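A.B. asks: Sequence:
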Amino acid sequence: MAIGRRAVRSALESLLAEGLIWRKQGKGTFAGQPPDKTQLLAAEIVGETNLVEVMKARLCVEPVLAAMAARHALPSDIDRMRNLAQRILQAGDSDSIELWDGALHRLIARTAKNKPLLTAFSMIDEIRGNPDWRGVRQKARSMRSLQDRHAEHVEIINRIEAGDAAGAEAAMRKHLTTLADNLSRILTPEGGPK
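Residue numbering for the sequence shown follows the numbering used here, starting at 5 and increasing by one per position.
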């Protein structure tokens with residue numbers, strides 16, 4: 005082809021700078037974006053955990069993120085949160101409800117402005133999204149009315165908007181505890197150990 009190494013290296017550097025390729029030392033050069041490490045780790049963990057453990061992890065992380073969001077939220081963040089809460093309420097099917105609910109929780113996590121906690125949240129969220137658990141999550145949601153969940157979301161958003169970190173944390177904890185209790189009832193046979 006009569007192309008020198010220098011020209012190939014230069015072309016590869018250009019493609020790398022544009023994000024069209026990525027490199028892994030000792031492995032090679034690959035087309036596209038590098039895999040998201042959070043997604044890879046979540047994929048490894050998903051088979052080794054269960055919904056109850058995931059809910060316990062959410063209860064450790066998300067209330068703290070809501071409290072931090074109360075300290076950092078801008079009016080535009082609040083507007084987007086309210087819009088997402090309304091979309092959940094107006095959703096016509098369980099897939100849409102799950103889509104908008106996840107988007108609201110992710111926005112709260114991003115608004116907290118804490119990269120390590122956001123990474124922990126992202127991994128938990130990725131595991132939580134396991135399609136094998138979808139039916140159970142849907143049953144847990146249907147045990148309460150959409151209006152009840154909406155009221156909980158509005159309370160979380162109101163506490164964040166007010167800058168009430170303790171209130172936002174408590175509201176998120178209550179919201180997730182209700183969901184965790186519903187999951188526990190679904191997953192634990194009546195009369196069995198809890």
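For the record, the hints were derived by calculation from the structure and aren't laboratory data. In this text the structure is predicted, and so the values were computed from the model without any measurement. Backbone N, C-alpha and C define an ideal beta-carbon position, used for all residues, glycine too. Please note that a few of the clues may not be correct.
Unchecked claim - With a Cα cut of at most 30 Å, we get these calculated DSS-like pairs of lysine-lysine:
no. : residue 1 : residue 2
1   : K60       : K119
2   : K28       : K41
3   : K143      : K60
4   : K60       : K31
5   : K178      : K28
6   : K31       : K117
7   : K28       : K143
8   : K31       : K143
9   : K117      : K178
10  : K41       : K117
11  : K60       : K117
12  : K119      : K41
13  : K41       : K31
14  : K143      : K178
What the hints assert, rightly or not - Here are the simulated distance ranges between beta carbons:
no. : residue 1 : residue 2 : range
15  : D152      : A21       : 47 to 57 Å
16  : R86       : V12       : 26 to 36 Å
17  : D152      : F34       : 22 to 32 Å
18  : G167      : A15       : 46 to 56 Å
19  : G51       : L24       : 31 to 41 Å
20  : L24       : G167      : 42 to 52 Å
21  : L16       : H76       : 22 to 32 Å
22  : A47       : A6        : 36 to 46 Å
23  : D97       : S14       : 31 to 41 Å
24  : R86       : Q142      : 38 to 48 Å
A.B. asks: Checked against the structure, which of the hints given earlier come out wrong?
C.D. replies: 4, 5, 6, 7, 8, 16, 17, 21, 23 and 24
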